[in-house]
Structure formats: structure tokens, C-alpha cells
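Protein chains in written order, with this note's numbering: chain X, 307 to 611; chain F, 169 to 622.
Hints are computed from structural coordinates only; laboratory data are not their basis.
All clues stand as given, with none of them false.
Below, a list of computed lysine-lysine pairs in the BS3-like style, where the Cα atoms sit at most 25 Å apart: (1) X:K561 - F:K611; (2) F:K309 - F:K369; (3) F:K296 - X:K564; (4) X:K567 - F:K296.
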Amino acid sequence: MEYRAPIESYSGVVREITIGKGEKALKIGGENILPFHFFDEGSLPNPPIFALEVWDMEPTDWPEWLLEPFKDVVSDPIKWAKRCENFGANAISFYLTSTDPATKDSSADEAAALTKNVAEAITIPLIVYGSGDDKKDAEVLPKVAEVCDGMNLLIGPVLKENYEVVGKAILAHGHLAIAQTPLDINLLKELNVKLCHFFPAERIVIDPLSSALGYGMEYSFTLIERVKQIGIIVKDSMTQMPMIANLGGECWKTKQAKESKEQGLLWEGITALSLLLAGANILILRHPEALRLIKETIGGEIWQK
Amino acid sequence: MPISGSQIVKMLPGRRPCKECGFPTCFAFAMKLASGGVTVDKCPYLSEETKIKLIDLLAPPMKLVTIGSGENKLEIGNEEVVYRHEKTFVHPPGIALLISDKESEAKVAEKIKKLKELQFPWVGLTLKADLLALYFESGDKDKFLALVKKVYRESSAPMILISEDMDTLFSARDICADRNPLLYPITKKNIEAGIPKIKEKPTPVGIRGGSVEELVPLTTKLKEAGIEDVVLDPGSKNSMEAIRDQTFIRRAAIKQGFRPLGYPTIALPCFMAKDGLKEIMAASILINKFAGIIVLSDFHQYSLLPTLVQRLNIYTDPRFPMAVEEKYYEVLEPDEYSPVLVTSNWALTYFLVSSAVEATKVPAYVCVKDSEGLGVLTAWAAGKFSGDSVGAFIKKCGVADRVKHRKLIIPGKVARIKGELEDALNLEWEITVGPKETTGLGKFLPAFTEKLKG
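Let's have the full structure, built from the sequences with the hints guiding it.
In C-alpha cells:
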């Protein structure tokens with residue numbers, strides 16, 4: 307029997323999206339091969355990118371080894387964001403945690419002004435996450451979009467409850483949307499279909515919700531893997547958006563990550579690596595050492611491909 | 169590439185409605201053969217040649233290989249898919265701990281003990297590593313054989329014997345052949361001399377090539393010699409090569425039905441990464457990407473636990489939700505004044521609730537009602553979390569004997585079962601509707617408990 311290397315090729319392509327403006331602009335997506343299948347026919351023009359988390363208020367429940375790299379800057383989001391930039395993050399993911407009615411319930415105006423300051427202070431693209439409270443986000447995110455007009459930020463979560471008001475503001479002010487649905491491929495497609503009635507598909511990033519290792523990671527893994535394959539192999543246009551895996555918070559919330567530094571780094575590192583292999587285009591992490599660990603594990607060579 | 173019943177029937181005697189196989193016709197027998205419900209030897213009229221051909225055609229695309237013996241034996245291979253969502257992965261990779269004969273006596277003893285004792289309870293399961301890989305590194309044959317003897321005496325774990333020197337490899341094998349160790353590596357250099365030695369006392373062998381392609385003539389040669397308990401190492405030098413090589417082997421076996429690569433694999437991050445955490449990260453790639461055995465130079469509690477949890481996650485059957493046992497669970501150390509909560513038995517639901525409760529530092533009883541592995545709301549919609557059935561469960565689970573109060577917290581998402589549940593519990597329990605999301609327990613539970621005690 308003769309061996310023929312089982313090389314595959316597909317005809318679907320993930321949409322290529324640019325986050326940020328001018329010198330900060332960074333492209334994601336655009337691939338027509340499955341994740342890390344550099345040996346197949348096709349290409350991955352833009353390697354996955356890594357964002358580090360910055361909050362608009364001091365975190366209260368982070369273990370000391372997670373807080374350690376930032377502890378002198380956590381009260382100042384601008385300094386914190388610059389620190390993350392120095393740690394080698396490709397983007398900053400800024401959390402408007404203080405706007406949550408369950409925490410400080412801070413105002414949309416405050417959040418928007420702060421977001422703009424952070425975005426202007428860094429030389430890498432900015433991702434903005436609201437609190438996830440759909441009603442409050444419907445006030446906060448449109449204000450952020452307006453104040454940061456034209457900066458091409460990646461803003462979310464856009465949910466089925468608020469996609470119209472948030473989506474329209476994001477579009478009107480020249481930003482990109484993170485469409486978020488809870489771990490279900492049908493809900494995910496449905497939100498994209500609804501959003502695409504008025505919102506261009508090439509400005510959407512899918513957030514399928516990421517679960518931590520041991521806390522449902524296999525659901526996120528398989529969902530991301532399937533969404534990617536349905537986009538690239540089956541060419542379903544509603545799954546051909548790049549995906550974001552927002553996993554840092556999920557990992558560091560677990561009991562295991564709070565038990566020891568090494569275990570925490572591996573909890574975040576293994577979750578990230580698994581979701582990366584499944585097909586995530588953007589990964590959001592908390593610990594800079596986990597970021598370094600992943601980059602060193604997957605090696606330098608893929609960044610040139 | 170499974171063979172169909174109609175292809176098989178052409179190879180059967182036909183025209184001989186003997187029914188000796190227990191089926192009315194050859195065609196019925198062929199159909200059953202194709203679906204795996206019967207074995208070829210049921211037909212007494214097949215020539216030896218046809219029988220061998222059929223057995224080969226009917227074999228699963230990837231061979232099942234057993235390493236070790238007795239209850240600790242490890243089975244790998246027999247996988248049927250490339251992606252877990254296509255069906256499921258079947259045999260989780262064996263995690264092996266490397267012991268070099270250059271390591272100190274104390275270190276060796278520590279590693280043998282570690283493999284035995286480092287275990288983790290996880291949703292009703294016990295997670296642990298599987299094998300010891302003994303590595304001939306010293307150049308002193310007697311030293312290595314002494315190590316093999318020691319491990320043979322002190323551990324019942326399946327063994328991998330690693331030696332570039334053939335003579336040493338087979339001498340080591342002779343010490344522990346009855347334990348069915350894996351011999352590694354067989355290469356193109358030593359295969360000719362190795363085959364008769366392997367056949368003396370057959371045990372599984374790991375073959376190493378410089379590439380996937382180089383493995384093909386080696387497995388072909390072994391098969392001709394009747395050796396099929398084979399594990400493949402394509403010689404990947406780093407993680408990216410490992411993804412490529414493992415993917416090619418899996419695709420060739422499953423999608424092309426290419427027999428010479430239809431075997432499980434072995435990967436050795438112990439020789440790929442120097443730094444401990446990086447080695448674990450490399451292993452994590454290999455768990456996702458098809459490896460059958462993963463050899464680690466060392467591990468600790470903090471690195472073994474995430475590795476084993478990842479393996480569990482990836483090898484969980486995606487067709488069935490993970491469920492936990494129906495009973496009340498004690499979170500922290502609850503007493504007779506601790507709150508009582510009820511939830512469904514999807515493992516994820518239970519995890520979220522118990523870790524949220526733990527985070528509040530309030531000891532509590534978490535009652536888990538069998539809902540066939542569904543989340544709370546889905547379970548309610550499917551009739552598995554109705555007021556009546558939750559009531560019956562609370563009565564029989566015995567939590568009432570553990571607390572002095574009669575106050576029960578139900579998930580906010582099924583607030584509507586409150587009335588029915590009160591009735592089912594004969595109004596003996598006061599039902600409180602808890603938060604809709606587990607994140608809400610942070611505020612809710614301490615306040616609730618305060619009232620309960622005050």
C-alpha cells in the first residue's frame with residue numbers, strides 16, 4: 307500500500323476583520339484552513355491574537371499571584387493597560403465592570419470617557435466588554451461607541467436582548483461588534499442572522515462563551531471546533547466570522563486556579579491552548595505569564611505563516 | 169472505510185443455506201458481520217485464506233492495543249473519528265511518568281510512589297496517571313536492569329521500556345514480559361534483528377520513524393511477521409510537528425482506511441520541552457491532538473490535575489451530558505443550621521452551584537436531583553424537575569435528618585415550581601426562590617444564612 311499524505315483543502319473562508327485604526331490596526335481571521343493545519347492547502351494569513359484583561363475598577367476576588375504583576379496599577383486603568391502592552395499583549399480587553407448595577411452602577415458617561423482615555427493611551431487595539439447586564443449595557447455601550455467615534459473598537463457583548471440598540475450605535479460610530487450567545491450553535495447563528503438584517507457580517511466577531519477547564523471546557527471546545535468547520539468546510543456564511551474566546555475570567559474564578567500560582571497558570575494556559583486548537587481567533591487572558599507560556603508553546607514559526 | 173454487507177456476502181460460500189451460523193441466509197450473516205454483531209468463525213465453510221481476509225477487512229480502522237496486565241492494564245486505540253463531535257473519542261491517552269536510570273534512588277522511589285498515590289477525586293471519578301516509562305540513559309546495562317527489577321517488584325503499573333540499545337531492551341523485557349510492557353523504540357535500524365526477539369515473548373512495541381511516511385514500511389514488516397500490537401512515534405520534534413504528524417496518522421487511519429497507520433500513537437514531550445510548565449502545555453496539545461500515550465519527565469499535583477481534567481474533558485462523550493449522582497452533597501462542613509439548596513444533576517450545573525457556594529464560605533447542603541444530566545431549566549421543560557419529583561427527592565434523600573430547620577432554596581429559573589413543591593412536601597418546608605444565576609449566590613446565601621441562624 308502506498309502512503310499519500312492526507313492533505314485536505316476546503317472552499318470556505320473566515321471573514322478577515324481589522325480591529326483598530328491607523329498604526330494600531332490589527333487583522334484577524336481570513337483563514338481557509340482549520341486551526342494549526344499549516345500542512346493543508348490554504349493559508350492562515352493572520353495568526354490568532356492574545357488580549358490581556360484590564361478593569362475599570364480594582365478587582366476584589368483575584369488571587370494574589372494574579373494581582374501581583376499589576377498590583378501597583380490596578381487603580382489606574384491607563385497604567386494597567388500600558389503594563390499589559392509591555393507584557394506583549396496584542397490587544398487590551400477593557401472591562402466596564404463598575405457599570406454593573408450589582409457593583410458600583412457607575413454611569414455610561416463615566417465609562418465612555420474612561421474607555422476613550424484608555425484607547426488613546428495605548429498603541430494596540432482595544433476590545434471593550436460591558437458588564438453583561440443587558441439593560442445597563444444598552445445604555446453604556448452606545449455611549450462608549452459614540453464617545454469613541456471612529457476608533458474602530460471591538461465592542462460587546464451584543465446580546466439577543468439588546469442587539470438592536472447596541473448594534474446600531476456600534477455601526478453608526480464605526481466600530482465592530484462581539485455577538486454573544488450561551489454555548490449553542492443555533493442561538494449563535496440566529497443572533498448573527500438577526501444582527502445581519504442591519505449590521506454588516508464583516509464587522510462581527512462571535513463570542514460563543516468560553517468555559518474553563520473542568521467547568522464545561524469541552525462544550526466550548528467542541529462548539530468552537532464545529533463553528534469553524536461549518537464555516538470553512540460547509541461554507542455557512544453565518545458561522546464565517548472570527549471567534550473570540552473570553553476565558554481568563556472563567557479560569558481564575560475556579561477553586562483550582564486559586565489554590566496555587568502554577569495550577570492557576572496551567573488552568574488558564576491549557577484552557578486557552580485547547581480553545582486555540584479548536585479555532586478561536588482572539589483569546590482573552592488575565593495572567594501575563596500564561597500568555598508567555600502559550601506563545602512559547604506554540605512557537606514563533608506560526609507568526610510568519 | 170467500513171466494508172458493507174453486500175461486499176462481504178460475495179466472499180461467503182453462498183448457495184449453501186446451511187444456517188449453521190445461526191442466520192437464515194449468508195446475506196443476513198454478512199449484514200451482521202458488517203455491523204460487528206458476530207464473528208467470522210461462526211461460518212464453518214470459509215477457507216482459512218478468506219477468513220483472514222475478512223477479519224482484516226472487518227477490523228476497526230485503528231487497532232486496540234493493550235499495555236500492562238491485570239486490572240491496571242491500559243487500552244489505547246480503536247478510535248473511530250478525527251473530531252470528537254463526530255461521535256466521541258474512546259480511549260483516553262495513557263499518561264506516563266519517565267524514570268531514568270540516571271536518577272537517584274530517592275528520586276526513583278519518589279516517582280514510583282507518586283504514580284501510585286497522586287490521585288484526584290473529580291465528579292465521582294478518580295483521576296490518576298497510568299504508566300511508568302523506564303529510560304536507559306546511564307549506559308550501564310546492569311543499572312538499568314536493576315531499575316526494571318525494582319519497578320517490577322514495587323509497582324503494578326503498566327511499563328514502557330525505553331532503550332536505544334537492543335540487547336538491553338530485550339534483557340529488560342525478559343524481566344517483566346509477563347506484565348506485557350511496551351518496548352520502545354523499534355526503528356528501521358534494529359527492526360530486522362528485533363523481529364525474532366519480539367516474537368520470543370510477544371509484547372507491544374513502539375516504533376519510531378523520522379516521519380509519518382517512514383513508519384509505513386516498518387508496520388508493514390511487523391504485520392508480515394505477525395506483530396500487530398504496535399504503537400507509532402512519527403518522531404515529531406516540536407508541538408507544531410506533532411500536530412501535523414498526529415493529524416496525518418489519524419486521517420490516514422480513519423478517513424483513508426490506510427492499515428499501515430491504523431495504530432495508536434506515543435508522544436514524548438519529556439524529550440521535547442525542558443521547562444516543566446512548557447512540557448505540560450505540550451502534553452495538553454497532544455491530549456487534544458490524538459496521542460495514545462504521553463510520556464512526561466515529571467509532574468506534580470499542580471501540573472497533573474489540569475492535565476487529567478483536560479483529558480477527561482476531551483474524552484467525555486459529547487452525545488451524553490455528564491451527570492453527577494443523585495444525593496445531597498456537603499459543601500464545606502455544614503451543620504444542622506446550614507442552608508439547603510436543590511439543583512439538577514448536570515455535572516456543569518452542580519459544579520457551578522457547589523463552587524459558588526464554596527466561594528461564599530457558607531457551608532451548605534446542595535441536593536442534586538437526577539434530571540438525566542440536564543440543566544435546571546431544560547430539565548424542568550422536559551418534566552425532570554417538576555415540583556412533585558423534586559419534592560419526592562427531598563423527602564427520600566435524607567437531608568431532613570441533617571438540619572433542624574425546614575427551609576429549602578430552589579433555583580431562580582424554576583420559580584414556578586414553588587407552589588407544586590410546597591404541596592408535594594405537605595407544606596412542611598418553606599420554599600425560597602434563589603437567584604437565577606449562580607453568580608447571584610454570592611450576595612444571596614450569606615444574607616439568607618444570617619436569617620436562618622438569627
